[in-house]
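Same order as they appear, the protein sequences are chains B and E. Per the numbering used here, the first sequence runs over residues 1 to 114. Per the numbering used here, the second sequence runs over residues 1 to 114.
I should point out that these hints are in silico values taken from the structure, not numbers from a laboratory. Glycine included, C-beta positions come from ideal geometry on N, C-alpha and C. Be a bit skeptical, because a hint or two may be false.
Unchecked claim - Here are the simulated DSSO-like pairs of lysine-lysine, each with C-alpha atoms no more than 27 Å apart in a straight line:
id, chain 1, residue 1, chain 2, residue 2
1, B, K42, B, K109
2, B, K1, B, K106
3, E, K65, B, K106
4, E, K7, B, K42
5, E, K65, B, K1
Claimed, not checked - Which residues of chain E face chain B? A partial, calculated answer using Cβ under 7 Å:
id, residue
6, S27
7, M31
8, Y104
9, W110
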Amino acid sequence: KQEVTQIPAALSVPEGENLVLNCSFTDSAIYNLQWFRQDPGKGLTSLLLIQSSQREQTSGRLNASLDKSSGRSTLYIAASQPGDSATYLCAVRRVGAGSYQLTFGKGTKLSVIP
Amino acid sequence: SAVISQKPSRDICQRGTSLTIQCQVDSQVTMMFWYRQQPGQSLTLIATANQGSEATYESGFVIDKFPISRPNLTFSTLTVSNMSPEDSSIYLCSVLGGTGNTIYFGEGSWLTVV
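Start from the sequences, fold in the hints, and give me the full structure.
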């Protein structure tokens, strides 16, 4: 059974800092990995998707990497801003025909202090 | 990307009653999913809803408790039946994007059962 762990559970940084969020998964047989952002009491916003054959994806100040063999992914946020404050969730989709279920971590709650 | 609207966004429900959550997508999609996020927990898949067929439920979820309808390619409903305080959660509708890779989420429906 796939398990996804995100460390740290919470992180507080001053505005302008670069930071890294970590995600690990136990079963390397994944189809892809997605990073989401969740604001309090809200749904999820897809940030980046990395296919299993890819090593990284970038969007603006965000960069996500994937090391499938070691079961790890990181989300790098450059020059953090107060608006980046949210919970960041990592989710993996397993390999298999007709398999669309995402297995989520519990998230990292990020606070960026002005 | 897909724009997903959910109703209601929030509700307070009495124990023993049922509530139906609606999910509307701005484009036709084959795959729709319903997730639950209990307080402080990660998201868990309830069921997959495909148009024209019965929903497929994950282990621990049954049709009598969470009946789902999928009348067309842009709409689905999830009913939470005979609610108890343990059903207090955010319920999220999600869809598989047009490329077949990215999964998008709605804003969620936050239910509190008293």
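To see whether the hints hold, each was checked on the structure:
no.: 1; hint: B:K42 x B:K109; in the structure: 14 Å, holds
no.: 2; hint: B:K1 x B:K106; in the structure: 16 Å, holds
no.: 3; hint: E:K65 x B:K106; in the structure: 25 Å, holds
no.: 4; hint: E:K7 x B:K42; in the structure: 13 Å, holds
no.: 5; hint: E:K65 x B:K1; in the structure: 25 Å, holds
no.: 6; hint: S27; in the structure: 15 Å, violated
no.: 7; hint: M31; in the structure: 6 Å, holds
no.: 8; hint: Y104; in the structure: 6 Å, holds
no.: 9; hint: W110; in the structure: 6 Å, holds
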